[in-house]
Amino acid sequence: MFQVNNLTFKYPKNKDNTIKGISFSIKDGEIFGLLGPSGVGKSTTQRILIKLLDKYSGEILYKGKDLKSYGKQYYQEIGVGFEMPVHFSKLTALENLNFFKKLYRSPADIDKLLTLVGLDEDRNKKISEYSKGMKVRLNFVRALLNNPQMLFLDEPTNGLDPKNARIIKNMILEFKNNGGTILLTTHLMNDVDELCDRVAFMAQGQIKEIDTPKNLKLKHGQRKVAVEYKDEVIKTDSFDLDSLSTNEAFFNIIKTKKIITIHSGETNLDDIFIKVTGVENNA
Amino acid sequence: MHNFIVLLLGEIERMKKYGILAASLALSLIWIGVLHFTEIQDVTAFFPFLIFIDTTSMAILLVGATMFYEKQEGTIKSLLVSPISKSDYILAKTCANILSNLETLAILYLYALFFKEININIIGLLGAVILISFFHSLIGFLLTYHSRDFTELLMGMVKYAFIFMVPVILEQTGLIKNLLAKKLLYLIPTKSSLTLLQATTRNFANWELFLSLLYLLLGSSLLFLFVRLKFDEYAVKGGGV
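These protein sequence lines map, in sequence, to chains A and B. In terms of my numbering, the numbers along the first sequence are unbroken and rise by one, the last being 679. In terms of my numbering, the numbers along the second sequence are unbroken and rise by one, the last being 244.
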């Protein structure tokens with residue numbers, strides 16, 4: 397869907413480049429996560445891909461064609477879900493959606509979307525009466541309003557309770573299963589783990605790591621198994637994963653002791669985030 | 004064209020919902036009060052001055068008000084990722100403004116017609132208001148591009164009034180008599196604006212009318228191109244995208 401080659405960008409008033417020669421691809425039908433701490437260029441990259449910034453160097457191909465060759469019709473094909481509310485506060489949800497819907501050639505079914513995100517009964521409420529979570533869900537509906545092929549989502553579950561976050565995540569997966577492609581930006585590593593096929597970690601305007609969450613965990617984890625067991629007192633022993641099948645000590649514990657827990661040394665995305673970007677994930 | 008109409012209707016709906024049209028209407032009532040409490044029965048000569056102040060200043064303010072609402076509520080971002088062109092966006096706002104100015108004109112004219120005496124070329128006045136409102140809406144865009152908030156826009160509007168509107172009014176009321184100063188006024192758009200409005204009530208030399216018309220038509224075209232050119236910069240900086 398996207399092929400980005402040696403992308404570099406500098407804001408006019410900045411001394412240094414915000415994006416420093418990054419390259420990556422987003423395949424058709426995948427969920428690609430763009431991760432990293434604030435200020436490393438994630439949002440700038442997304443702004444370039446949604447054609448809000450155009451004075452970049454390098455090459456971006458969308459469906460094999462230079463992104464710069466696409467006009468406003470590009471927005472018939474993509475949907476953008478912003479993190480912050482983007483609706484007219486003195487209009488109702490339905491008035492907002494109806495206004496934007498008329499700008500598209502093949503609009504989605506508003507009733508169905510509002511029902512799916514649980515806003516059906518609040519459709520005639522003004523946005524100023526909406527809670528933060530309701531606004532986040534409405535942002536998601538706005539992003540899907542034109543039945544897009546490509547979806548850009550910025551923190552789509554931020555501010556949602558677990559039940560509504562689950563609904564949005566299921567809708568994202570359903571969008572993918574129907575052939576859609578997604579670029580996801582989020583700080584919530586659980587969402588990344590659950591949704592993303594591949595992720596790129598950004599730091600200082602560069603991509604530091606790019607792979608599937610599974611491979612990253614294997615790469616950055618330790619190939620060890622920690623066994624916690626009871627032997628008069630509670631003990632923990634660690635064994636090398638690669639020689640586990642021939643490790644007598646390990647089998648002896650398994651056979652003779654009361655096992656409390658067994659953990660592989662696989663790491664989690666939070667730890668990889670800190671390790672790769674050098675910054676705590678504070679979100 | 005389709006999306007321009009959608010945007011225009013959306014602008015008008017929001018001007019209603021956000022009370023911008025109501026504020027414009029309230030101002031019309033103030034102008035009616037001004038007309039009512041003047042002792043003058045025949046308001047023909049006075050009428051263009053009221054329309055001049057309303058069309059120039061309100062056009063600037065209304066554009067600014069709607070754009071600051073969009074910035075504040077983040078809706079500018081949503082518009083920027085919609086299949087609309089910059090021209091559609093700019094023209095929808097200016098046309099909505101023109102309609103608001105025409106509403107004020109209609110209210111004041113009807114009042115003057117029924118309760119005072121007025122002898123005016125209404126068709127000419129309609130044309131003049133459309134052109135002046137269009138030009139000043141674009142001035143409103145430029146001032147909004149360079150203002151951080153609505154207060155700064157108001158300050159910009161006050162500066163514009165002092166520099167461009169007051170001298171023209173002073174000249175018309177006979178307070179500026181110096182010939183060179185009078186000639187210099189032809190350099191500013193408000194002189195052309197007032198000339199076109201006054202031409203609907205009394206005779207002007209053909210060259211003066213032609214010059215004013217040419218100034219505003221050419222000025223509007225160049226201003227439109229400039230506003231369009233600078234829009235991306237505003238979208239990135241002011242729109243917070």
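Honestly, the hints are just simulated from the structure, not real lab data. Owing to the predicted nature of the structure, the values given are computational and were not obtained by experimental measurement. We put the CB at the ideal spot given by N, CA and C, even for glycine. There may be inaccurate statements among the hints.
In the DSS-like style, the derived pairs of lysine-lysine whose C-alpha atoms are separated by at most 27 Å in a straight line are [unchecked claim]:
(1) Lys464(A) - Lys74(B)
(2) Lys74(B) - Lys459(A)
(3) Lys498(A) - Lys464(A)
(4) Lys185(B) - Lys522(A)
(5) Lys89(B) - Lys451(A)
(6) Lys461(A) - Lys19(B)
Simulated restraints on C-beta separations [what the hints assert, rightly or not]:
(7) Lys498(A) - Trp210(B): 26 to 34 Å
(8) Met480(A) - Thr154(B): 45 to 53 Å
(9) Thr154(B) - Thr608(A): 34 to 42 Å
(10) Ser224(B) - Thr404(A): 41 to 49 Å
(11) Lys19(B) - Met480(A): 57 to 65 Å
(12) Thr404(A) - His149(B): 27 to 35 Å
(13) Thr154(B) - Asp516(A): 52 to 60 Å
(14) Glu570(A) - Leu228(B): 58 to 66 Å
(15) Asp589(A) - Leu157(B): 18 to 26 Å
(16) Leu116(B) - Gly514(A): 52 to 60 Å
(17) His5(B) - Pro558(A): 39 to 47 Å
(18) Lys411(A) - Met4(B): 39 to 47 Å
If you want a taste of the chain B side facing chain A, the calculated C-beta under 7 Å gives, among others [what the hints assert, rightly or not]:
(19) Asn6
(20) Val9
(21) Tyr21
(22) Ala25
(23) Ser27
(24) Glu76
(25) Gly77
(26) Thr78
(27) Lys80
(28) Val84
(29) Pro86
(30) Lys89
(31) Ser90
Results for each hint:
Between the alpha carbons of lysine 464(A) and lysine 74(B) the distance comes to roughly 26 Å, so the proposed pair stays at or under 27 Å and holds. Taking the CA atoms of lysine 74(B) and lysine 459(A), the gap is about 32 Å. The hint is violated against a cut of 27 Å. Distance restraint check for lysine 498(A) and lysine 464(A): the Cα-Cα separation of roughly 25 Å lies within the 27 Å cut-off, and the hinted pair is therefore satisfied. Taking the CA atoms of lysine 185(B) and lysine 522(A), the gap is about 53 Å. The hint is violated against a cut of 27 Å.
Between lysine 89(B) and lysine 451(A) the CA atoms are separated by roughly 17 Å; this keeps the pair inside 27 Å, and the hint holds. As the CA atoms of lysine 461(A) and lysine 19(B) are separated by approximately 43 Å, the hinted pair breaks the 27 Å bound. Roughly 47 Å separates the CB atoms of lysine 498(A) and tryptophan 210(B), a value that falls outside the hinted 26 to 34 Å. For methionine 480(A) paired with threonine 154(B), a C-beta distance near 23 Å fails the hint of 45 to 53 Å.
Between threonine 154(B) and threonine 608(A) the beta carbon distance is about 51 Å. The supplied range of 34 to 42 Å is therefore violated. A beta carbon spacing of about 37 Å between serine 224(B) and threonine 404(A) contradicts the range 41 to 49 Å that was offered as a hint. Distance hint for lysine 19(B) and methionine 480(A): a CB-CB separation of about 25 Å, inconsistent with the stated range 57 to 65 Å. Distance hint for threonine 404(A) and histidine 149(B): a CB-CB separation of about 29 Å, consistent with the stated range 27 to 35 Å.
Between threonine 154(B) and aspartate 516(A) the C-beta distance comes to about 40 Å, which lies outside the given range of 52 to 60 Å. Checking the proposed 58 to 66 Å range against glutamate 570(A) and leucine 228(B) shows it is violated: the Cβ atoms sit about 45 Å from each other. Distance hint check for aspartate 589(A) and leucine 157(B): the Cβ-Cβ separation is about 51 Å, which falls outside the suggested range of 18 to 26 Å. The given range of 52 to 60 Å is respected by leucine 116(B) and glycine 514(A), whose C-beta atoms sit roughly 55 Å from each other.
Between histidine 5(B) and proline 558(A) the CB atoms are about 42 Å apart, so this pair conforms to the stated range of 39 to 47 Å. Between lysine 411(A) and methionine 4(B) the CB atoms are about 44 Å apart, so this pair conforms to the stated range of 39 to 47 Å. For asparagine 6(B), the suggested interface contact is upheld, since its CB lies about 5 Å from the closest CB of chain A, less than 7 Å. With a cut of 7 Å, the hint placing valine 9(B) at the interface with chain A holds, because the nearest CB-to-CB distance is about 4 Å.
Taking 7 Å as the C-beta contact cut-off toward chain A, the hint placing tyrosine 21(B) at the interface holds, the least distance being around 5 Å. A least Cβ separation of about 12 Å between alanine 25(B) and chain A goes past the 7 Å threshold, and the interface hint is therefore violated. Of the supplied interface hints, the one on serine 27(B) is violated, with its beta-carbon coming no nearer than about 16 Å to a beta-carbon of chain A, more than 7 Å. Satisfaction of the interface hint for glutamate 76(B) is found here, the shortest Cβ-Cβ separation to chain A being roughly 5 Å, below the 7 Å cut-off.
Proximity of glycine 77(B) to chain A holds as hinted, the smallest CB-CB distance being about 4 Å (cut-off 7 Å). Against a cut-off of 7 Å between C-beta atoms, the interface hint on threonine 78(B) holds, since the closest Cβ of chain A lies about 6 Å away. Given hint, lysine 80(B) at the interface with chain A, holds; its Cβ is 5 Å from that chain's nearest Cβ, closer than 7 Å. With its C-beta approaching chain A no nearer than about 4 Å, valine 84(B) sits inside the 7 Å limit, and its interface hint holds.
The beta carbon of proline 86(B) comes within 4 Å of a beta carbon in chain A, closer than 7 Å, and the hint placing it at the interface holds. With its C-beta approaching chain A no nearer than about 9 Å, lysine 89(B) sits outside the 7 Å limit, and its interface hint is violated. Residue-level restraint check for serine 90(B) is violated (minimum Cβ-Cβ distance to chain A is 10 Å; threshold 7 Å).
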